[in-house]
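Residue numbers (the numbering used here), protein chains in the order written: chain A, 1 to 336; chain B, 1 to 335.
You may find that some hints are simply not true.
List of simulated lysine-lysine pairs, DSS-like, C-alpha gap at most 27 angstroms [what the hints assert, rightly or not]:
| id | chain 1 | residue 1 | chain 2 | residue 2 |
| --- | --- | --- | --- | --- |
| 1 | A | K173 | A | K287 |
| 2 | A | K191 | B | K294 |
| 3 | B | K294 | A | K287 |
| 4 | A | K80 | A | K98 |
| 5 | B | K294 | A | K173 |
| 6 | A | K287 | A | K191 |
| 7 | B | K294 | B | K105 |
| 8 | A | K191 | A | K173 |
| 9 | A | K287 | A | K98 |
Just the calculated beta-carbon pair ranges, DEER-fashion [as the list claims (entries may be wrong)]:
| id | chain 1 | residue 1 | chain 2 | residue 2 | range |
| --- | --- | --- | --- | --- | --- |
| 10 | B | N100 | A | S49 | 49 to 57 angstroms |
| 11 | B | S14 | A | F67 | 29 to 37 angstroms |
| 12 | B | A77 | A | S49 | 51 to 59 angstroms |
| 13 | A | N84 | B | A77 | 53 to 61 angstroms |
| 14 | B | A230 | A | S49 | 52 to 60 angstroms |
| 15 | A | S49 | B | S14 | 49 to 57 angstroms |
Facing chain B, from chain A, some residues (calculated, C-beta under 10 angstroms) [stated by the list, open to error]:
| id | residue |
| --- | --- |
| 16 | G81 |
| 17 | N118 |
| 18 | L120 |
| 19 | I122 |
| 20 | V128 |
| 21 | A167 |
| 22 | F213 |
| 23 | G238 |
| 24 | A306 |
| 25 | P314 |
If you are wondering where the hints come from, they were derived from the structure by calculation, not from laboratory data. Using N, Cα and C, we set each Cβ at its ideal position, and we do this for glycine too.
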Amino acid sequence: MTTEPAIDEPTSVGTAPGGGGTITIPRTQGGRGTAVGRVRSALTSRTASLIAVLIGALWSIPTIGLFIQSFRTQDSQDTKGWWNVQDGTGQYTFDNYKTLTTGIGGDNSSSLLPFIVNSLAIVIPAAVIPLTVAALASYALVWIDFPGRDWIFVFIFALQVVPLQVAVVPVLKFVVGGWHLGGLTIFPSTKLSGTLGAIWLAHACFALPLAVFLVHNFMSEIPRDLLEASRIDGASHGQIFRQVMLPLLTPALAAFGIFQFLWVWNDLFVGLVMSGGNPDISPITVKIQALIGSNSGAGTELLPAAAFLAIIIPLVVFLSLQRFFVKGLLAGSVKG
Amino acid sequence: MISLDWLNTWAHSSHWYGKIGFAIAVSAVFLAVIGLLLLLVDRAPKTGREKWQAFLFLLPALILTLIGFVIPIISTAISSFTNANGDWAGFSNFSWAFGNVEARKAIYNTLKWVIIAPIAATIIGLAYATVIDGVRGESFAKALVFLPTAISFVGAAIIWGLMYQEPGLLPSGLVNVVLGWFHLGPLGFPTNSRSITYLLIVVMIWIQAGFATVVLSAAIKGVPTELLEAAKIDGASAWQAFRRITIPQIRPSLVVVLVTISVATLKVFDLVQAFGAQQYGGDTLANLMFTTFKQAEPGTIGEHRSSTLAMLIFILVVPFVAFQVRQMIDNRRVR
Chain A
1 MTTEPAIDEP
11 TSVGTAPGGG
21 GTITIPRTQG
31 GRGTAVGRVR
41 SALTSRTASL
51 IAVLIGALWS
61 IPTIGLFIQS
71 FRTQDSQDTK
81 GWWNVQDGTG
91 QYTFDNYKTL
101 TTGIGGDNSS
111 SLLPFIVNSL
121 AIVIPAAVIP
131 LTVAALASYA
141 LVWIDFPGRD
151 WIFVFIFALQ
161 VVPLQVAVVP
171 VLKFVVGGWH
181 LGGLTIFPST
191 KLSGTLGAIW
201 LAHACFALPL
211 AVFLVHNFMS
221 EIPRDLLEAS
231 RIDGASHGQI
241 FRQVMLPLLT
251 PALAAFGIFQ
261 FLWVWNDLFV
271 GLVMSGGNPD
281 ISPITVKIQA
291 LIGSNSGAGT
301 ELLPAAAFLA
311 IIIPLVVFLS
321 LQRFFVKGLL
331 AGSVKG
Chain B
1 MISLDWLNTW
11 AHSSHWYGKI
21 GFAIAVSAVF
31 LAVIGLLLLL
41 VDRAPKTGRE
51 KWQAFLFLLP
61 ALILTLIGFV
71 IPIISTAISS
81 FTNANGDWAG
91 FSNFSWAFGN
101 VEARKAIYNT
111 LKWVIIAPIA
121 ATIIGLAYAT
131 VIDGVRGESF
141 AKALVFLPTA
151 ISFVGAAIIW
161 GLMYQEPGLL
171 PSGLVNVVLG
181 WFHLGPLGFP
191 TNSRSITYLL
201 IVVMIWIQAG
211 FATVVLSAAI
221 KGVPTELLEA
231 AKIDGASAWQ
241 AFRRITIPQI
251 RPSLVVVLVT
261 ISVATLKVFD
271 LVQAFGAQQY
281 GGDTLANLMF
291 TTFKQAEPGT
301 IGEHRSSTLA
311 MLIFILVVPF
321 VAFQVRQMID
331 NRRVR
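Kindly produce the complete structure, drawing on both the sequences and the hints.
Right, here's the structure in full:
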């Protein structure tokens, strides 16, 4: 097995969120021959293999089914299940994918490409902004001495308690109308409504607690001597941040970047509320959800291909950058 | 004043190059502003310099926190205690939530979700992580189960819609075919109100088990070899060693996994919305909150009710996050 996509075992990880403690992992490369493994294989290997194969199959069959179904003609989909390799009808076709991308016969009205573009345009600033903000904040919280810094950190971490359901409608109202107290305008309307700006702002805000937590943990592990040496050499905080910290932070920023990419790409709730259904700014998930909702006869044969188009980009990102993703996961767990 | 119309036009661009270009330009401008902020940091006044610098480093985060969390939580809380005229309404919106049939159903279903999904996903993740530990192709096996993590809930909805497909106009989905072998089923998905919540929970477990597997697998590899070998010498069976040594050793990770999946489950929205499950008795709090918000005319009680439902989710999440915060403070003290 040399070609398999590997989830690398990280050699050391930080504290899980809230986690009950630092998880340290010994450098047992590949995991073969760990103690649990040996005890297991000595005694219960048959049942164990059965469980492994069963779970592995159960977890991959649904996606394989979708993939096969997406290449089948409507006739084929309507007659037999996808596991029938020969079903006596026309079988396999690229037409579903053509209809959903370039269009067939000049009609590209059902193309999903505009929504994939929207998702891409949403995801770039929605990852860059919180990452930068979190890196700055973490620098102050870890390396600058000022009263109450631990409390600020705990406060930002605790903001994870606020579900999106509580926050998203007020953020939408802020974007549309600004803030008012009685008749007094504290902040005017942002003019962002109906633009991607509204979605970026929402994602940037909601990503912050987890981003600060991850980057903060990572930064705390950088040796203090490094910073003190730079200070003695006369470097200012601004210089240290740019020239010393940013290069060292790259792995943490990459881990969170992938996290945020997947999260934003797969998000439905924020996209649905902030776009208000405007197709010019709706992400692909909102479009797919609308397609599922309107599954009255015509067009249902396109659903599997549509789903596959929606998940292919995150899948590629995920498979190629899994190593960073797993590190981020183990260091900070996921947000919900 | 210089006209900013071109900016407005660009922001509303409907061409792909316009949108992507705008996204990249905004990111670049944002980074430039942060660069200026860093220059400003170095020009901070000499008196109380460190405090000024800390403030400037924290400023962007504080602004986002204010917009995204502090003001929203206050305004949602106020909204949940007021009526359509903005007058104080006490707990009347909350008594609506506990008295209304639909809302009660949603609360009840949400509790089902949060009891079943985290425990099932954790057990499956633990079992899988244990049986694949140290075998050949372990990372491939892990990737199989981890893959759904990258799939959106709406994507998963289509995948499982196909699995659960009802026989009739369309051919049976795989699940119904397998049930048929045992003379069971069909499931009646999604219209059967007795099964819909459980069938959706299965999808949630399918998505979350990979997370549990990866975290628990890392924890299992951290169990000291000596302990397990000592147990073996003392004649412990594999199961005994697992129960008495592995489980207590990985307890902290088990708790993290359970808490994280619970919080995600409490907010479950996409799956319910994608299947339109609310029509068939499969509503949850997060979905009802959204539909109530969507259907509410501005300035009516509906908006306040949707705030109330959001506050209920908030209240349910509090114990989990409070627990996490306590753990984190304890850990920092230890360090």
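Now for the hints, and whether the structure bears them out:
1. A C-alpha spacing of about 23 angstroms is found between K173/A and K287/A, which places the hinted pair at or below 27 angstroms, so the restraint holds.
2. Simply put, K191/A and K294/B have alpha-carbon atoms about 22 angstroms apart, close enough for the 27 angstroms limit, and the pair holds.
3. The hinted pair formed by K294/B and K287/A meets the criterion: a straight-line CA distance of about 17 angstroms does not exceed 27 angstroms.
4. For the proposed pair K80/A and K98/A, the alpha carbon gap of about 23 angstroms is at most 27 angstroms, so the pair holds.
5. The suggested pairing of K294/B with K173/A holds, with an alpha-carbon distance near 14 angstroms, which does not exceed 27 angstroms.
6. A threshold of 27 angstroms between alpha carbons decides the hint, and for K287/A with K191/A the separation of about 24 angstroms falls inside it, so the pair holds.
7. With a CA separation close to 19 angstroms, the supplied pair K294/B and K105/B stays within the 27 angstroms bound.
8. The hinted pair formed by K191/A and K173/A meets the criterion: a straight-line CA distance of about 11 angstroms does not exceed 27 angstroms.
9. For the given pair, K287/A sits about 17 angstroms from K98/A by alpha-carbon distance, which is consistent with the 27 angstroms threshold.
10. Between N100/B and S49/A the beta carbon distance is about 51 angstroms. The supplied range of 49 to 57 angstroms therefore holds.
11. At about 32 angstroms, the beta-carbon gap between S14/B and F67/A stays in the expected band of 29 to 37 angstroms.
12. The hint said 51 to 59 angstroms for the Cβ distance between A77/B and S49/A, and at roughly 53 angstroms that hint holds.
13. Our hint of 53 to 61 angstroms for N84/A and A77/B holds, since their Cβ atoms are close to 56 angstroms apart.
14. Between A230/B and S49/A, the C-beta spacing of about 27 angstroms breaks the proposed range 52 to 60 angstroms.
15. At about 54 angstroms, the beta-carbon gap between S49/A and S14/B stays in the expected band of 49 to 57 angstroms.
16. The beta carbon of G81/A comes within 5 angstroms of a beta carbon in chain B, closer than 10 angstroms, and the hint placing it at the interface holds.
17. Taken as an interface hint, N118/A checks out: its beta carbon lies about 7 angstroms from the nearest beta carbon of chain B, inside 10 angstroms.
18. Interface restraint check: L120/A against chain B, minimum CB-CB distance 6 angstroms, threshold 10 angstroms, status holds.
19. For the restraint placing I122/A at the interface with chain B, the shortest Cβ-Cβ distance is roughly 8 angstroms, inside the 10 angstroms limit, so the hint holds.
20. Look at V128/A: its Cβ gets to within about 4 angstroms of chain B, closer than 10 angstroms, so that hint holds up.
21. Taken as an interface hint, A167/A checks out: its beta carbon lies about 4 angstroms from the nearest beta carbon of chain B, inside 10 angstroms.
22. A hinted interface residue such as F213/A counts as satisfied when its beta carbon comes closer than 10 angstroms to some beta carbon of chain B; here the least separation is about 9 angstroms, so the hint holds.
23. Hint status for G238/A: holds, given a least beta-carbon distance of 4 angstroms to chain B, under 10 angstroms.
24. Interface restraint check for A306/A: the shortest CB-CB distance to chain B comes to about 7 angstroms, inside 10 angstroms, so the restraint holds.
25. Below 10 angstroms, beta-carbon pairs count as interface contacts, and P314/A has one with chain B at about 5 angstroms; its hint therefore holds.
Violated hint: 14 only; the structure is consistent with all others.
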